[in-house]
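Please construct the entire structure, taking both the sequences and the accompanying hints into account.
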Amino acid sequence: MMNKIAVIYFSGTGNTKFIAKNIKNKLQEYGYESDLINIEKDKINPNDYKSLIIGAPVYVDRYPEILLKYMEKYLKNYKGKCMLFTTQASFKDSTSFQHCINRMPDLNITYCTFFTMPNNFFNFMFKKSSKEEENQLMKKA
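The opening residue of the sequence shown carries number 1 in the working numbering; numbering runs sequentially from there.
Incorrect hints may have been included.
[Said to hold, decoys possible] Derived pair list, reagent style DSS-like, types lysine-lysine, alpha-carbon separation capped at 30 Å:
#1 Lys50 <-> Lys81
#2 Lys81 <-> Lys69
#3 Lys24 <-> Lys43
[To be verified] Here are the in silico distance ranges between beta carbons for each label pair:
#4 Asn25 <-> Thr116: 16 to 22 Å
#5 Lys43 <-> Asp106: 15 to 21 Å
#6 Val60 <-> Lys4: 29 to 35 Å
#7 Glu65 <-> Thr110: 20 to 26 Å
#8 Asn77 <-> Gly31: 26 to 32 Å
#9 Asn77 <-> His99: 17 to 23 Å
#10 Glu132 <-> Lys50: 39 to 45 Å
#11 Glu72 <-> Gly14: 32 to 38 Å
#12 Glu29 <-> Arg103: 29 to 35 Å
#13 Asp48 <-> Lys26: 31 to 37 Å
These are calculated hints, taken from the structure and not from any lab test.
Keep in mind the model is a prediction, meaning the values are calculated, not measured.
By construction, the Cβ of each residue, glycine as well, lies at the ideal position given by its N, Cα and C atoms.
Right, here's the structure in full:
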């Protein structure tokens with residue numbers, strides 16, 4: 001197993017990609033070698049990495065099915081440490097982490113966190129984030 005960290009992500013609108021890139025940049029600032037893995041384009045050999053950071057948007061309190069299937073296909077036998085993150089419009093935790101852990105019980109998930117991002121799903125129930133709120137959330141993230 002190498003000493004690298006993989007930042008694996010699915011991003012439907014760009015929010016998760018934004019966070020994944022920033023995580024990769026911070027890892028490099030701290031001296032860690034890392035790769036950015038877009039599940040829609042890249043395959044992974046997880047044994048090339050000492051740790052995995054896995055991120056996605058929250059879809060109705062769940063990780064997206066496309067990411068879960070990727071994890072089942074490529075990460076099933078991975079034994080290193082994993083961290084999960086989500087991007088979401090909510091300011092409180094969702095059940096997405098537990099849903100992922102239930103689907104992937106053999107992964108060594110040691111940490112979960114979320115990043116509140118601008119709302120990009122809006123209709124009569126959910127309002128669009130103001131430009132000011134959007135800028136504040138992106139800066140904080």
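Review point. Holds or violated: 29 to 35 Å for the Cβ distance of Val60 and Lys4?
Key: 33 Å, holds
Review point. Is the hinted pair Lys81 and Lys69 satisfied, with a Cα-Cα distance of at most 30 Å?
Key: Holds. Lys81 to Lys69 sits at ~19 Å (cutoff 30 Å).
Practice item. Could you tell me whether the CB distance from Asn77 to Gly31 stays inside 26 to 32 Å? Key: 29 Å, holds
Practice item. Could you tell me whether the CB distance from Lys43 to Asp106 stays inside 15 to 21 Å? Key: Roughly 20 Å apart at Cβ, these two residues keep to the hinted range, so it holds.
Check your understanding: Using the C-beta atoms of Glu72 and Gly14, is the stated range 32 to 38 Å upheld?
Key -> 25 Å, violated
**Study point:** Glu132 versus Lys50 beta-carbon gap, inside 39 to 45 Å or not
**Key:** 40 Å, holds
Review point. Do the beta carbons of Glu65 and Thr110 sit within 20 to 26 Å of each other?
Key: 24 Å, holds
Check your understanding: Is it true that Glu29 and Arg103 lie within 29 to 35 Å of each other by Cβ?
Key -> 32 Å, holds
Point to revise | Range agreement (Cβ of Thr116 with Cβ of Asn25, hint 16 to 22 Å) | key: Holds, since Asn25 and Thr116 (Cβ atoms, about 20 Å apart) stay within the stated range.
Review point. Within 31 to 37 Å or not, the Cβ separation of Asp48 and Lys26?
Key: 21 Å, violated
Exercise for review: May I ask you to test the hint 17 to 23 Å on the CB atoms belonging to Asn77 and His99?
Suggested key: 21 Å, holds
Check your understanding: Are the Cα atoms of Lys24 and Lys43 separated by 30 Å or less?
Key -> Satisfied, since the Cα-Cα distance of roughly 18 Å is no more than 30 Å.
Against the hints set out earlier in the document, violations occur for numbers 11 and 13.
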